[in-house]
Amino acid sequence: MELCDKTIHDLSGMLAKKEIQPSEIMKSALSRMEKTGEFASFIKTFPEEAMKCAGEQDKKALKGSLSGIPVAIKDNMCIEGKGTTCASHILEGFTAPYTATAVQKLLDEGAIVIGKTNMDEFAMGSSTETSFFGNTLNPWNKDTVPGGSSGGSATSVALGEAAGSLGSDTGGSIRQPASLCGLVGLKPTYGRVSRYGLVAFASSLDQIGPFAKDVEDAAILLKAISGYDAKDSTSVNAEVPDYPSQIKNGIKGLRIGVPREYFLEGIDNEVEACVRKAIKDLENCGAEIRDVSLPRTEYAVATYYIIATAEASSNLARYDGVHYGLREKAGNIIDLYKKTRSAGFGDEVKRRIILGTYVLSSGYYDAYYLKAQKVRTLIKEDFSKAFGEVDVIVTPTSPTTAWKIGEKTDDPLKMYLSDIYTISANLAGIPAVSLNCGFSAGLPVGLQLQAAHFNEAVLLRTAYAFEQMNDYHKKRAFSETAENQVKYY
Amino acid sequence: MEYEIVIGLEVHVQLNTLSKMFCGCSTKFGAEPNTQTCPVCLGLPGVLPVMNEEAIRLAVKTGMAFGCRVSNFCKFDRKNYYYPDLPKNYQISQYDKPLNMGGSVPIRIDGQKKAIKLTRIHLEEDAGKLVHDVCGGSGVDLNRTGLPLMEIVSEPDIHSPDEAYAYLVSLKQGLRYLGVSDCNMEEGSLRCDANISIRPKGTSRLGTKTEIKNLNSFANVKKSLEYEAKRQEKAIGNGERIIQETRLWDAAKEKTISMRSKEEAHDYRYFPEPDLVPVILEDEYFKKVSGEIPEMPDVRYERFIEEYKLSGYDAGVMTSDKDLADFFEETSKQGADPKKVANWVMGDFLKEINTAKISICDARVKPSALAMLIKLIDKGTISGKIAKDVFAEMFASGKNPEDIIKEKGIVQISDEKEIEAVIKDVLKNNPKVVEDYKSGKKSASGFIVGLVMKASKGKANPKLVNELLQKKLDEL
Amino acid sequence: MKVDKKLVEYLANLSRLEFDDTKLEEITAQLKGIVKYVEKLNTLDTGDVAPTAHILPLKNVFRKDEVTPSINRDKIFKSSPESDNGYFIVPRVIEE
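Sequence lines, in order, name chains A, B and C.
Numbering-wise, numbering that gives the first Met the number 0 puts 479 at position 480 of the first sequence, and it's gapless, one number per residue.
Numbering-wise, numbering that gives the first Met the number 0 puts 236 at position 237 of the second sequence, and it's gapless, one number per residue.
Numbering-wise, numbering that gives the first Met the number 0 puts 19 at position 20 of the third sequence, and it's gapless, one number per residue.
Don't read these hints as lab results, they were simulated from the structure.
Keep in mind that the hints are not guaranteed to be accurate.
Lysine to aspartate or glutamate pairs mimicking EDC-like chemistry, simulated, CA-CA at most 16 Å apart [said to hold, decoys possible]:
#: 1; chain 1: C; residue 1: 63; chain 2: B; residue 2: 52
#: 2; chain 1: C; residue 1: 77; chain 2: A; residue 2: 297
#: 3; chain 1: B; residue 1: 470; chain 2: B; residue 2: 388
#: 4; chain 1: B; residue 1: 222; chain 2: B; residue 2: 281
#: 5; chain 1: A; residue 1: 338; chain 2: C; residue 2: 24
#: 6; chain 1: A; residue 1: 59; chain 2: A; residue 2: 91
#: 7; chain 1: A; residue 1: 328; chain 2: C; residue 2: 47
#: 8; chain 1: C; residue 1: 22; chain 2: A; residue 2: 347
#: 9; chain 1: A; residue 1: 338; chain 2: C; residue 2: 25
#: 10; chain 1: C; residue 1: 22; chain 2: A; residue 2: 79
#: 11; chain 1: C; residue 1: 39; chain 2: A; residue 2: 287
#: 12; chain 1: A; residue 1: 328; chain 2: C; residue 2: 17
#: 13; chain 1: B; residue 1: 113; chain 2: B; residue 2: 52
#: 14; chain 1: B; residue 1: 221; chain 2: B; residue 2: 161
#: 15; chain 1: C; residue 1: 39; chain 2: A; residue 2: 23
#: 16; chain 1: B; residue 1: 398; chain 2: B; residue 2: 388
#: 17; chain 1: C; residue 1: 35; chain 2: A; residue 2: 23
#: 18; chain 1: C; residue 1: 31; chain 2: A; residue 2: 410
#: 19; chain 1: A; residue 1: 338; chain 2: C; residue 2: 65
#: 20; chain 1: B; residue 1: 423; chain 2: B; residue 2: 388
#: 21; chain 1: B; residue 1: 405; chain 2: B; residue 2: 388
#: 22; chain 1: A; residue 1: 251; chain 2: A; residue 2: 297
#: 23; chain 1: C; residue 1: 5; chain 2: C; residue 2: 25
#: 24; chain 1: B; residue 1: 200; chain 2: B; residue 2: 52
#: 25; chain 1: C; residue 1: 22; chain 2: A; residue 2: 91
#: 26; chain 1: C; residue 1: 58; chain 2: B; residue 2: 52
#: 27; chain 1: C; residue 1: 22; chain 2: A; residue 2: 410
#: 28; chain 1: B; residue 1: 456; chain 2: B; residue 2: 435
#: 29; chain 1: C; residue 1: 77; chain 2: A; residue 2: 287
#: 30; chain 1: B; residue 1: 440; chain 2: B; residue 2: 473
#: 31; chain 1: B; residue 1: 441; chain 2: B; residue 2: 466
#: 32; chain 1: C; residue 1: 35; chain 2: A; residue 2: 79
#: 33; chain 1: C; residue 1: 58; chain 2: B; residue 2: 161
#: 34; chain 1: B; residue 1: 27; chain 2: C; residue 2: 83
#: 35; chain 1: C; residue 1: 74; chain 2: A; residue 2: 297
#: 36; chain 1: C; residue 1: 31; chain 2: A; residue 2: 409
All figures in this text were calculated on a predicted structure; none of them were measured in a lab.
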């Protein structure tokens with residue numbers, strides 16, 4: 000096994016024992032990157048800078064929890080001196096003059112950024128097909144999508160280019176690609192991680208979170224990025240638990256709920272079978288499985304698309320060609336706006352801006368936006384009630400495994416409905432994690448666990464207990480040697 | 000037909016904070032363009048606003064002082080519109096839950112008291128500034144972007160341009176008393192838009208209003224309203240219909256001009272600002288802020304009349320500025336006659352302040368010194384005329400009047416013998432005038448007094464000079 | 000509520016976007032579909048439900064009124080399409 004295929008906790012252990020040096024890890028990651036270019040995980044990479052940084056770490060005593068670890072960052076988070084494109088033409092030429100808090104926290108722990116990853120334009124999409132820079136391929140099957148919007152952050156870890164990565168999750172944009180790429184992907188509680196420096200899509204839903212090869216790595220990354228930030232008024236001033244040390248406590252007696260509304264129409268049979276089996280495994284770990292109901296689930300997608308697009312229509316107004324980024328020539332200011340925005344944004348972004356403008360516009364606000372905010376309250380109440388009965392809610396992450404590239408690009412509504420299982424957690428602001436629970440036709444199936452606000456520790460503990468029951472997390476999508484090309488499924 | 004004018008004013012004032020509303024950039028006026036900016040106020044991708052607590056405090060203080068219903072729950076909303084001085088293309092403002100509702104601003108017009116009702120006072124961030132004809136286009140300066148503003152909206156409760164003027168003066172005085180804003184129109188820390196309509200006297204339905212913008216002084220507000228009222232009256236008289244529109248005040252031509260270019264319907268798509276959490280204020284907070292509110296100018300005005308027996312005019316001038324009122328009151332409390340204090344303050348004191356272009360607090364003359372000067376005049380130690388010179392010296396050096404008098408040896412001569420000697424000399428040297436007097440030209444005595452004062456270099460006690468001279472002349 | 004080309008044109012203008020006729024037709028059709036879908040919310044009775052603007056009950060998050068250093072404007076102008084003399088430059092804007 001190459002170093003770049005190892006987990007962060009394995010690498011950190013080897014570094015601590017001085018068996019390897021940061022530059023060896025970096026060499027392995029960069030050499031992998033050279034072989035996996037066709038998957039297009041990255042919009043921009045920084046190999047020389049990363050190598051230099053690793054070389055400097057060779058000479059130093061390593062103190063951070065992520066020293067020497069190559070990480071990838073979704074290209075909607077700012078890093079000082081680097082471009083931030085959000086996979087959009089409109090941010091062409093923009094260089095960030097500051098660093099996002101979550102990224103800074105990784106850097107403070109010694110992590111080395113190797114590149115900015117591909118994504119759906121402004122995180123709007125579920126397949127990483129709306130990127131201005133072209134689509135990213137699923138490491139398990141090149142004909143399929145990696146999921147989205149944080150597709151590149153998922154594939155970079157699945158391919159061994161990065162040991163861990165950061166994505167952002169507004170309606171499932173971490174968990175769904177984690178599911179489709181066979182990774183652990185976690186969306187923290189809204190307010191757990193600072194959004195400062197994350198380019199806003201839907202401010203009341205966005206949250207940064209990690210992609211990792213296994214649960215322990217996810218715990219390490221989550222701990223590193225969590226915490227209050229005075230620059231984000233919506234970040235919460237609450238103590239950050241030592242997640243890695245709490246994952247192994249077992250789940251005996253834990254109450255796990257299965258919401259009946261998540262197993263109705265639209266779910267793929269094999270996906271359902273994998274998830275049902277996983278629920279059995281959790282029961283075998285000592286958890287108590289219960290039925291729960293989240294009756295307003297069927298309204299989540301509609302609620303989400305109203306709230307998310309409304310906020311997006313306002314958040315994306317600043318990309319206008321005046322102060323930074325792309326500008327199309329025009330004789331007057333209104334034409335400058337229109338030409339720049341029309342040339343700079345892709346179709347999906349425009350579609351959502353139009354929808355978001357509609358639901359906020361005079362005469363329609365009460366019927367759509369205010370209504371959606373009220374339904375959001377009901378969805379939140381569903382979860383509050385359920386978490387009165389159970390500690391964790393288990394569901395599939397995505398109704399299907401990865402689909403063929405191009406399959407859903409013509410039908411926006413069909414694409415939106417692929418987020419049906421992940422959207423509620425954003426609306427309710429609760430933490431949720433996806434992890435691999437098997438394969439269907441060679442493609443990973445994701446299991447989603449959700450918990451009450453700030454209960455990331457119990458999510459990780461449950462996920463870890465499940466992980467110990469199987470070896471899905473040990474499988475790698477990409478292998479450099481012929482004999483290893485045979486995959487486990 | 001006789002018409003009634005109906006005016007409502009929208010006043011924007013910049014709050015007196017050191018840093019901007021949602022970021023730490025300085026609020027200092029006059030910096031080089033775009034040097035007081037940061038990622039947050041530039042609206043760069045990924046930034047978030049964080050509320051300046053001082054802006055909230057100042058706005059609460061204002062609301063309490065003007066008798067508003069100050070909400071204990073306050074939230075912010077986004078007002079969406081595109082303009083190059085607004086880098087996010089939305090303005091963080093308050094829509095349906097403004098911090099302050101109701102309240103009023105007291106005015107006095109033709110000796111009558113009236114309270115102009117307020118609709119609301121809300122908080123919002125300022126936009127930037129456009130400078131024209133830079134490089135063949137417009138230049139955008141974002142130093143002002145994100146400055147904390149209060150928008151103070153009056154009810155259509157103002158019924159003449161004079162009332163509008165009085166409202167603005169009173170509002171500005173109040174805000175300055177509170178220390179919440181400099182209210183400096185030249186620096187843009189106070190701006191005003193006016194809505195005006197007319198209706199037949201005695202009717203209650205509001206006429207179609209026009210909004211006047213580009214008003215850069217209170218005088219121009221008044222003039223523009225006078226112009227616009229006449230224009231509307233004339234238009235209606237000619238059977239025309241008033242169009243609801245924005246009109247620009249052209250101060251040079253002294254007329255309002257229609258701004259047809261901007262007739263695009265507005266749809267601001269307000270919605271709650273997701274990046275800011277609500278402000279919920281407790282009783283304790285209100286109690287604390289209430290304790291910081293000074294006696295407001297209209298209350299002080301009445302008290303000055305009552306307590307110091309000032310005329311309405313004097314009380315008005317004395318209370319027009321808090322520091323001035325404090326200066327007056329402090330001086331009077333030191334035992335000087337209030338009426339005389341008011342005269343000194345309105346006269347030499349303000350004249351020197353204005354010439355030196357300094358603030359009242361920076362004046363080197365302290366209340367105790369002015370009180371001493373007035374008492375010296377009362378005692379006859381110096382004449383009122385000399386006192387003026389002494390005051391100028393006090394203002395320049397900060398010395399107290401007794402020291403100045405001692406140093407310059409300008410104590411008034413009140414010694415009868417000394418004065419008599421001077422009179423004797425003067426009469427001897429001016430026989431012609433004495434003859435005039437004797438031949439019945441009584442006014443000649445005044446001329447002689449002047450000669451005596453001159454001979455004594457102004458030091459002679461004028462009262463004594465008069466007495467003694469008269470005695471002498473009677474003896475002739 | 001009627002979604003038609005005229006409405007989409009109005010929304011496009013509000014959001015400073017422009018579409019050619021083919022795109023306008025396409026977006027109108029898509030918006031119709033999405034709006035029809037989201038109108039399923041109308042089947043829920045939300046009469047006395049309070050709207051959720053913030054998912055967590057946070058309040059009173061303030062910053063002290065202290066000046067922090069501003070950014071060097073040249074750093075910003077590097078990313079700017081047009082700047083001169085310390086200003087961002089845009090086509091001449093006729094004063095409101």
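*If any of the earlier hints don't hold here, list their numbers in rising order.*
Hints 2, 3, 4, 5, 6, 7, 9, 10, 11, 13, 15, 17, 19, 20, 22, 24, 25, 28, 29, 32, 33, 34, 35 not satisfied by this model.
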